[in-house]
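Participant: Residue-level listing of the chains:
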Amino acid sequence: MTTTNPPAAVVPPLQKKSTAAGRVRQKLSSRVATVIAIVIALFWTIPTFGLLISSFRPANDIKTTGWWTFFSDPQLTLENYNEVLFGGSASSGQLAGYFINSLVITIPAVLFPMAICSLAAYALAWIDFKGRDWVYIMIFALQIVPLQMALVPLLRFFSQGTEIFGIQLTPAWGLSDTGLFIQVWFAHTCFALPFGVYLLHNFISELPRDIMEAARVDGANHPKIFRSIVLPLITPALASYGIFQFLWVWNDLLVALIFASGGGRDTQPMTVRLAELAGTRGNEWQRLTSGAFVSMVVPLIVFLSLQRYFVRGLLAGSVKG
Amino acid sequence: MNFDLADHADKFLMLGGGLIAFVVLVGGLLLVLDVIPTKLAERRTVRLAAAVEAGTPIKAGRSREGWLALGFLLPAVLLLAIGLIFPAIRTTLLSFRNKDSSEWAGFDNYTWMFAQPDIRQVLFNTLIWVLVVPTLATAIGLLYAIMVDKARGEAVAKALIFLPMAISFVGASIIWKFVYAYRSGDQEQIGLLNQIVVWLGGEPQQWLLEQGYKLNTLLLIVILIWIQAGFAMVILSAAIKAIPAEIVEAARIDGTNAWQMFWRVTLPAIRPAVIVVVITITIGTLKVFDIVRTMTNGNYETSVIANEMYNQSFRYGETGHGSALAVFLFVLVIPIVIFQIRNIRKQRSEA
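Residue numbers (this note's numbering), protein chains in the order written: chain A, 1213 to 1533; chain B, 1250 to 1600.
These aren't lab readings, by the way, just hints derived from the structure by calculation.
Any given hint could be a false lead.
Stated by the list, open to error - The list that follows gives simulated cross-link-like pairs (lysine to aspartate or glutamate, EDC-like), each with its CA atoms no further than 20 Å apart:
{"id": "1", "chain 1": "A", "residue 1": "K1436", "chain 2": "B", "residue 2": "E1437"}
{"id": "2", "chain 1": "B", "residue 1": "K1288", "chain 2": "A", "residue 2": "E1418"}
{"id": "3", "chain 1": "B", "residue 1": "K1348", "chain 2": "B", "residue 2": "D1367"}
{"id": "4", "chain 1": "B", "residue 1": "K1399", "chain 2": "B", "residue 2": "E1550"}
{"id": "5", "chain 1": "A", "residue 1": "K1275", "chain 2": "B", "residue 2": "D1435"}
{"id": "6", "chain 1": "B", "residue 1": "K1463", "chain 2": "B", "residue 2": "E1550"}
{"id": "7", "chain 1": "B", "residue 1": "K1490", "chain 2": "B", "residue 2": "E1437"}
{"id": "8", "chain 1": "A", "residue 1": "K1436", "chain 2": "B", "residue 2": "E1291"}
{"id": "9", "chain 1": "A", "residue 1": "K1275", "chain 2": "B", "residue 2": "E1437"}
{"id": "10", "chain 1": "A", "residue 1": "K1436", "chain 2": "A", "residue 2": "E1418"}
{"id": "11", "chain 1": "B", "residue 1": "K1536", "chain 2": "B", "residue 2": "E1550"}
{"id": "12", "chain 1": "A", "residue 1": "K1342", "chain 2": "B", "residue 2": "D1435"}
{"id": "13", "chain 1": "A", "residue 1": "K1436", "chain 2": "B", "residue 2": "D1283"}
{"id": "14", "chain 1": "A", "residue 1": "K1436", "chain 2": "A", "residue 2": "E1291"}
{"id": "15", "chain 1": "B", "residue 1": "K1399", "chain 2": "B", "residue 2": "E1498"}
To be verified - DEER-style ranges, computed between Cβ atoms:
{"id": "16", "chain 1": "B", "residue 1": "D1435", "chain 2": "A", "residue 2": "S1242", "range": "38 to 48 Å"}
{"id": "17", "chain 1": "A", "residue 1": "L1419", "chain 2": "B", "residue 2": "F1373", "range": "41 to 51 Å"}
{"id": "18", "chain 1": "A", "residue 1": "L1445", "chain 2": "B", "residue 2": "I1377", "range": "16 to 26 Å"}
{"id": "19", "chain 1": "B", "residue 1": "G1504", "chain 2": "A", "residue 2": "I1513", "range": "44 to 54 Å"}
{"id": "20", "chain 1": "B", "residue 1": "Y1549", "chain 2": "A", "residue 2": "R1477", "range": "39 to 49 Å"}
{"id": "21", "chain 1": "A", "residue 1": "S1301", "chain 2": "B", "residue 2": "E1352", "range": "40 to 50 Å"}
{"id": "22", "chain 1": "B", "residue 1": "G1461", "chain 2": "A", "residue 2": "I1513", "range": "36 to 46 Å"}
{"id": "23", "chain 1": "B", "residue 1": "I1445", "chain 2": "A", "residue 2": "R1520", "range": "17 to 27 Å"}
{"id": "24", "chain 1": "A", "residue 1": "E1418", "chain 2": "B", "residue 2": "I1524", "range": "15 to 25 Å"}
{"id": "25", "chain 1": "B", "residue 1": "V1580", "chain 2": "A", "residue 2": "T1447", "range": "54 to 64 Å"}
On a predicted model such as this, the values are computed, not experimentally measured, just so you know.
Think of the CB as a built atom: it goes at the ideal place given N, C-alpha and C, for glycine as much as any other residue.
Just chain B, with the same shape it has in the complex (with noise of 0.2 Å):
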């Protein structure tokens, strides 16, 4: 045992005053806010009185409300400043000037992106991960919400697939680590994907290394479908059960067969839904970065958008490259964000 909690008595004194600085901040807001209009109050209550007395028009009074709402938006509205707007706008200017920020670049962090043979590859894996993962995660999902709905036991079925959306994607990645760990042929197979190789009469494979059809990068695909397909199902379930029951047995009377009921009624009763789910993968899956370093720290062909991007900022001081990259990603995103307001807007009309 060589454990004494005594030793991390520092970090608790922190937590200790993070506390207290929240009941201090919180509160105090609280109470500035409840006194300051109060007082408000009173003082205007005064001035009325007087007003009635002297017969002078009464002006509603609005702004104080305003006030009052920057009181309460000021921590969000300031943070966000500090924490995402500035910064945003900062990463853009960055990825135009070079290596260290010191100088303008023009376009030359860009067109290292595009040039560059590595970076094209980051560029094409981040592309077969984007179309991969968002289809395979909501087929899957939406199958298997199908397939438990109003079965025996429907709710200890769902919680089996959507447990991993508990678990960090390190831990995710390491359970799926240990299920593509090789041993060379002689010895016994640990990992159970060799070994289901082994059993079938095949030799054991370093799957991570595989790099023809993209096998690796494919691998690691499937870790982000098995923590994904839980938020599928579990959004698409609902939507199943929300369609209305008459429609179905309408569709029953008329004689429809699975098949039929699943595109002609299913599917596009929950189309909403899949949008939704397929956009919020999607999105998510741009973004992916633990996956791939825990894995192979983008090592093997296998580095995708966000993890080149963390190495070129922060362990090869590319500053000028590394936004770039950020910029890329945020481009990216945008379409995918029109088109889901778009249909947002579509549906309210429809409406």
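Excised from the complex, chain A in its bound form (with noise of 0.2 Å):
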């Protein structure tokens, strides 16, 4: 790039630049423009809207009437959360425990992937051994494998341990009850590591190379260079891809539903008692609606606190790629 052409981010935003899009939409006059826009933006916002109203409408008025009379006769109650979460009959949610199982979930399966990826992808991007590209090539390559592939033997290497030809090589790990959480963390964090390693190596490897040689002469060796110079510069890469994995982990269904349901009410997440809810009790639109909407809470809050961090992680993610 010469200097002469400043990047496009420094243009001042003043300078109304237009872009191609921008003229597309201009030349379609806006009003048509405008029209598709909200149109499709209706479809998209209207569902989940309808669903947030009912949560809060009585639950006889869910079941008789649709939400849309809400407007001409607005009645409001907490009553289908209080009973989504805290209930006491076994058809009621019981969600507030279930609510806990994700959150113990969710953590350490955000923990272990982020401190596991940075430090696979420091190696793969600044230490320099034999066999680097291919290492890389093949954690890139494992994106590909479906989940679908790992779950029967990864549940027998917890259930039975490994066995080859009669010889015993790893135990049983003999989980139950609250254990289980220990599978789930193991599986997540191994289901994560491909994506991750290569998302945080697009960001590691960017990073420059003058700071590293500086470092590298001053005397610093690679855990300090990770510690004290590449943990610090790659603070917004690992928010976005913490979020991913937080999303995720927090929304996974399959995952939770092989590993974690042995445990019943003591370890499942919400989206397992969700589907169930759904499934079984699909008619008790008073806990479906509000039992949505707990489980929704957490990840929007994360979602539209961080969006910046998301956005910016999922366009290293996949366009340079």
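Grab the two chains, each in its own frame, and use the hints to assemble them into the complex.
Facilitator: Structure follows, in structure tokens:
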């Protein structure tokens, strides 16, 4: 890039720069464009909005009238939330307990991959060793292996141990009840690695070489450089990976069904419980609507407050690939 | 109120244990990596000094870096081996074994897959998903990105489309199950779709049971499009904003109309991004599971490969069948990835 050509971001925002899309939009007469955009936006928000309104309506109203009647007959209650979170009967959601399970599953299942991936990504980017490119390509390629390929054997690894030609290589883990959290963390961590290493490698390998070399000259070894130079510099990248992993684990159903279900209500996360409610009590809309929102609150807060990092990670993770 | 935090104490104990394990394992690893090389470096200095004194040539040590790298990589490589590589190999082997994996079964599981009408139905459904979701999600995302580009309130408009990405597939399924909810004709409708039908003078339908023209499958597909369009929109919007202004100006001076501008300027410029979006969504769509399971549990001819794989392996105990379906899923992903790699190579050589 020549010095006379400043990168787009440096162009002062006041100067109205036209983009191709902007021109297409303008020429389509912005009225048509606005209508199309509004129709799409409505289609994308009304379903959620309907569910949100319903979750605050009395149970009987939800089941007998459409949520749009709320506008002519507004009735609000928090009873659905109270019931779905803390209700005592087996048929109510009892979501408070499942909420805790989701938290207990998610926190370590986000921290472990963040640490392991950043260590690996650092080694692959800045430590010179034989076969480095091959290791990186291997890890990168593992992104395409569907989870489904790993489920049965990994479950057996936990419950029966590994045996090759009659020799027991690893013992069965024999986990039960809340101990099952360990195998959920383990499974989530394994599955998170290929994408995590790839995403963080994209960021870490672009750190300026000068800084690294200056640190080496000053006598800092790799662990020191990693801790005191790399980690602070890649905090935004870690944040975006952390959000990805958080959303993935919090919203996951498949891994939880297989590795957390043995513990029943002691270990199952909210997604499993909600799927169950949707299946067996598909018409108890007062519980489904409020339950769905209880499960959405945390990811929505995380997402809205850290959206910037999420988008940056999304762009780094998919376009450069 | 029937909730007592004390009942959940052992969960928090587990969480505490997990966090302590995290600190100990990661901290311990960094400590070991820090201490051992320092010790080795000290010894090497001594050795070098001795070598200089004796006048023998000094060997450059690169292997030390190799060991250090191994330390950094060890946790990742170990977990990948245990959690993905060996299981994937094992699943491939299991796909050639019988129901309870006790005997070899040749290609039986694969012939079963293509011979069984139910399973052929499942494969066909997956094909519909894979054809429709990436196309429509990308098209809608692109259209929306263009329509709101540089418009007032762009950020808010984008966030609206983008929000479904934050919620779980289960949550999204419940949202749409409510839209599709059915009450018989003599009752008031509670589902929006049926209410619209009634307002237009039609009869309410049990949408999820409607198998004609694969209507129920298409209604499930709407949910995934609803989730994925935001992803397409964000990536494509960024690509659109990266088109150099000079090109746009040049095209404008040449007097291109909006239609030409889109097909001759915008689309060619963002083509790489479009391909990435389509491929990413395609791979995600192939593995769709949560939506089908929550909405219909695969009944009424709506099942897809990932759902059937779960049922065969974990509900019917048909490990051979389940493994064969998993392998088939993997095989379907491979050509897409090869296409992607070739594409990147081509771009690099052009650049």
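Participant: Look at each hint and say if it fits the structure.
Facilitator: Hints, one by one, checked against the model:
1. Simply put, A/K1436 and B/E1437 have alpha-carbon atoms about 68 Å apart, too far for the 20 Å limit, and the pair is violated.
2. Taken as a hint, the B/K1288 and A/E1418 pair is broken in the structure, with Cα atoms around 31 Å apart against an allowance of 20 Å.
3. The suggested pairing of B/K1348 with B/D1367 holds, with an alpha-carbon distance near 18 Å, which does not exceed 20 Å.
4. Among the hinted pairs, B/K1399 with B/E1550 is inconsistent with the structure: their alpha-carbon atoms are about 44 Å apart, more than 20 Å.
5. For the proposed pair A/K1275 and B/D1435, the alpha carbon gap of about 14 Å is at most 20 Å, so the pair holds.
6. Proposed proximity of B/K1463 and B/E1550 is supported: the alpha carbons are some 8 Å apart, at most 20 Å.
7. Of the pairs offered as hints, the one joining B/K1490 and B/E1437 is violated, with about 48 Å between alpha carbons and a cut-off of 20 Å exceeded.
8. Restraint check: the Cα-Cα separation between A/K1436 and B/E1291 comes to about 16 Å, which is no more than 20 Å; the hinted pair holds.
9. Only pairs whose Cα atoms come within 20 Å are accepted, and A/K1275 paired with B/E1437 is accepted, the gap being roughly 9 Å.
10. As the CA atoms of A/K1436 and A/E1418 are separated by approximately 19 Å, the hinted pair is consistent with the 20 Å bound.
11. Proximity of B/K1536 to B/E1550 is assessed by CA-CA distance (about 17 Å); at most 20 Å being required, the pair is judged to hold.
12. For a cut-off of 20 Å, the pair hint linking A/K1342 to B/D1435 is broken: about 74 Å separates their Cα positions.
13. Restraint check: the Cα-Cα separation between A/K1436 and B/D1283 comes to about 7 Å, which is no more than 20 Å; the hinted pair holds.
14. For the hint pairing A/K1436 with A/E1291, the CA-to-CA distance comes to about 55 Å; that exceeds 20 Å, so the pair is violated.
15. A distance of roughly 16 Å separates the Cα atoms of B/K1399 and B/E1498; the hinted pair therefore holds under the 20 Å criterion.
16. A hinted range of 38 to 48 Å for the beta carbons of B/D1435 and A/S1242 is consistent with their spacing of about 46 Å.
17. Between A/L1419 and B/F1373 the CB atoms are about 49 Å apart, so this pair conforms to the stated range of 41 to 51 Å.
18. About 46 Å separates the C-beta atoms of A/L1445 and B/I1377, a value inconsistent with the hinted range of 16 to 26 Å.
19. The hinted range of 44 to 54 Å is satisfied by B/G1504 and A/I1513, whose Cβ atoms lie roughly 49 Å apart.
20. The hint said 39 to 49 Å for the Cβ distance between B/Y1549 and A/R1477, and at roughly 30 Å that hint is violated.
21. As the Cβ distance of A/S1301 to B/E1352 is approximately 48 Å, the hint placing it in 40 to 50 Å holds.
22. Taking 36 to 46 Å as the suggested C-beta distance range, the pair B/G1461 and A/I1513 conforms, at roughly 42 Å.
23. For B/I1445 and A/R1520, the Cβ-Cβ distance of about 37 Å falls outside the hinted range of 17 to 27 Å, so the restraint is violated.
24. Judged by the Cβ atoms, the range 15 to 25 Å given for A/E1418 and B/I1524 holds: they are separated by roughly 23 Å.
25. Restraint check, B/V1580 to A/T1447: a C-beta distance of roughly 40 Å breaks the suggested window 54 to 64 Å.
Figure legend: structure checked against the earlier numbered hints; hints not met, in rising order: 1, 2, 4, 7, 12, 14, 18, 20, 23, 25.
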